[in-house]
Amino acid sequence: MKKLAALLLAILMVATMMAACGGSGDSGDSGSGSKASTITVNIWDSNQQAGIQEIADAWTETSGVKVNVEVVDWDNYWTLLEAGASGGQMPDVFWMHSNTAQMYMENDLLLKLNDYIDEEGLDMSKYYEGVKDLYTRSDGNIYALPKDHDTIALLYNKAIFDEYGVDYPTDEWTWEDMYEAAKAITEGSNGDIYGMAMNTSNNQDGWYNLVYAYGGKVITDDHKGTTIGSDEAKAGMEMMRKLLTVGAPQSVVAETGTDSLFQSNKVGMITQGSWMINSFYTAEFHDDYAWALLPYADRNGNGTCETDERWSAYNGLGWAAAASTADPDSCYSLISYFCSEEGQLKQAELGVTMGGMTGVSDAFANAFEGMDVSAFLKAEDYSLYFRPYTRNTTVWEDALQQAGAFLDPWQNPDDAELMATACDNAQTIIENAIANE
Amino acid sequence: MKQKALKKKRTKAEKREAVWALCFIAPTMIGLIVLNFYPAIDTVWQSFCKTGDFGKGNTFIGFANYLKVFAAGETWHSLWNTIKYALIEVPFGVVIALILAVFLNKKLKGTSLFRTIFFLPMVCAPAAVAMVWKWLYNQQFGLLNNVMGTNVAWISDPKLAWVSIGIIGVWSVIGYNMVLFISGLQEIPGDYYEAAEIDGATGIRQFFHITVPLLSPTTFFIVQTRIIGALTIFDLMFMVMDKTNLALENTQSIVYLFYTYAFTNGNKGYGATIVVFLVIFIMIVTFILQRAEKKLVYHP
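If you read the sequences in order, they're chains A and B. Residues in the first sequence are numbered consecutively from 1, following this note's numbering. Residues in the second sequence are numbered consecutively from 1001, following this note's numbering.
Read the hints as simulated data drawn from the structure, not as lab findings. Quantities reported herein were computed from a predicted structural model and do not represent experimental measurements. Please note that a few of the clues may not be correct.
[As the list claims (entries may be wrong)] To list a few chain A residues with every Cβ distance to chain B over 10 Å, as calculated:
no.	residue
1	Glu82
2	Leu109
3	Lys224
4	Thr307
5	Glu341
6	Glu349
7	Tyr389
8	Asp398
9	Ala403
10	Trp410
[To be verified] Lysine-lysine pairs mimicking DSBU-like chemistry, simulated, CA-CA at most 35 Å apart:
no.	chain 1	residue 1	chain 2	residue 2
11	A	Lys183	B	Lys1159
12	A	Lys112	B	Lys1056
13	A	Lys66	A	Lys242
14	B	Lys1056	A	Lys242
15	A	Lys35	B	Lys1084
16	A	Lys217	B	Lys1068
17	A	Lys224	B	Lys1056
18	A	Lys183	B	Lys1056
19	B	Lys1015	B	Lys1243
20	B	Lys1134	A	Lys242
21	B	Lys1056	A	Lys66
22	A	Lys183	B	Lys1134
23	B	Lys1134	A	Lys158
24	B	Lys1159	A	Lys224
25	A	Lys126	A	Lys242
26	B	Lys1243	A	Lys378
27	A	Lys217	B	Lys1084
28	B	Lys1050	A	Lys132
Glycine included, C-beta positions come from ideal geometry on N, C-alpha and C.
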């Protein structure tokens, strides 16, 4: 008897172990539409957490399903999501980004939203076209709803401009004007304060915009090529090189980050995206900060800015759900609330981000009392390009930031030859990456 | 002959015992197989594949990944970076720990306090340690430059960064090595020292002629485990070095390279190949060390 009991016990022990291992993986498979009590939402931006949670709580009031918003920082977000996708354990609802959307859509990891959209009668034409297209697969299936859109502007520190007697940036500034101002600050302070700062990793919010302003393209419109090695792009990067000669050295920005340098009053100007406003709005010296339109490139030399001489990147995140979620109905309900007019307005009013839907962003400009952020909205009157992406963006995007590409000229901006070579290298890197996709 | 004797038929009781033995080691075995052996074998398999996204659609491509890994300059550069790191961490980590252990093995006031202080780095999460050092080293606002009144790019100067990283490694590992040395020191019988003292040997002579040889098995163990540990270093570089750091090329370890390919770029097959390459390298090093053991370690 004793032996039998011992054996049973042993079997029981092993069985519980197995159950413990397997159990957590099961939750995603049922898919029977049983109502979940809590939905897990993953995002990467802690600046937006409070606002997103507030909107989600409003949804909870009607649905009765609790929403748990978790923040995982950008670098780890994708590592975790990919590991989760391979192992069948994804969060229920999460953000999608242009870098990876195609890969996730092609592998059917995201919940297909078409049926829900048809059922609800959602008008997809209300959303920004580039964002909407990004999350629509080539076969017409939709895998995410546009959450927001963002643009880029120039951020400057009025106190520093005052101290060195430099005029504030205006909406008529060219990139050359920015160079002169940065030079005046850097030289005026004997290098104690830098006129501007830009890291090689400031691409979407930084040097990409110069490439486009001077007529180059980081990724062509069909997402199959690049003109970064062209003379136009080289002219843009040559301007960039000039800016770097009067900006913070690479060894400084790689250690401290341009945002931190700016907030420590060490840098006069940086370019930044609208998703970062909150971080500067709540910073210690926010009274000194002001935003202006990105400078333009006066390519035809007539002294005024044509529409195609000022370019800002724009990008939009998408709200997606895991195909494996236990409660797809609630997930869609939450997503569609986030992207409904009510949710989008709330998002703008709370100052989380500008909308993925057109016409809701005016409220955003008023969300920051005492700080004029209209430059981000004005940027839309000129040319916008969607954040360059291909199927596997990270591969070439990371390579461009490192040695063998733009880190070389950034390290040594006095050598014009290096920048031209880096553009040629970048052309090869992108072409090879696309060929291997 | 001996083996044949062992193969004698088992009695019933022995068989029953064997079954129970299997039952009891089963949980550990299953754990090892599922969590260690299977992933290891799968990694080797993946290194021969062009891997698809999310672990799906792997296609066999033979040695193509290996040819690429061997041909890539960055593989060898990273391996050299890793060896450079080991060249700082292992010798300094061992020598400093040994000296500390000898002092802290004496009956002095406050030894346990100092032992705790030196062991503390082992208790801290490596990521936290790296973050703190990153701020100490910061060129603009770091404590180090502020206190010394210098303006050194500790972690951005390609010529210096590998030393800075190595120092963090030494600092982190001293406590662990020291505890092992102390336990080794306590194994040495006091008679040797008494005899030496009667013969008139000084403290330093005693150290080199009694402590060092009798401690050599412990030293060898520490050196061997630390070499393996140093060759698989990743967290320090990952936490301290930004992706756009000028010195990254001269400091990134081979595991960092693996991480970049396997997780950032999503190329699991190429990443797996780098890991297999590293495993083979470590096996060679271990083999050489094992051979050297007989000559280096003193067996009384």
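If we take the beta carbon of leucine 109 of chain A, is the closest beta carbon in chain B still more than 10 Å away? Leucine 109 of chain A is in fact no farther than 10 Å from some Cβ atom of chain B, at 7 Å.
Lysine 224 of chain A non-interfacial with respect to chain B [C-beta, more than 10 Å]: holds (19 Å)
10 Å cut-off, C-beta based - glutamate 349 of chain A kept clear of every residue in chain B: holds (35 Å)
Lysine 35 of chain A and lysine 1084 of chain B: Cα distance at most 35 Å? The given pair, whose Cα atoms are some 56 Å apart, is violated under the 35 Å limit.
Given the proposed pairing of lysine 217 of chain A with lysine 1084 of chain B, does the C-alpha separation stay at or below 35 Å? Violated - the C-alpha atoms of lysine 1084 of chain B and lysine 217 of chain A are around 41 Å apart, more than 35 Å.
Would you check the hint for lysine 224 of chain A and lysine 1056 of chain B, treating anything up to 35 Å between C-alpha atoms as holding? Measuring from Cα to Cα gives roughly 24 Å; hence the hint holds.
Outside-interface status for aspartate 398 of chain A - nearest CB in chain B farther than 10 Å: violated (6 Å)
Hinted pair lysine 183 of chain A and lysine 1159 of chain B, Cα distance within 35 Å: holds (30 Å)
Are lysine 183 of chain A and lysine 1134 of chain B close enough, with their CA atoms no more than 35 Å apart? Judged against 35 Å, a Cα distance of about 30 Å means the pair holds.
Is the nearest Cβ of chain B still more than 10 Å from the Cβ of alanine 403 of chain A? violated (5 Å)
Given the hinted pair lysine 1243 of chain B and lysine 378 of chain A, is their alpha-carbon gap at most 35 Å? holds (33 Å)
Straight-line Cα separation of lysine 183 of chain A and lysine 1056 of chain B no greater than 35 Å? With a Cα-Cα distance of about 53 Å, the restraint between lysine 183 of chain A and lysine 1056 of chain B is violated, given a limit of 35 Å.
The structure fails hints 1, 2, 8, 9, 10, 13, 14, 15, 18, 19, 24, 25, 27 (numbered hints given earlier, in ascending order).
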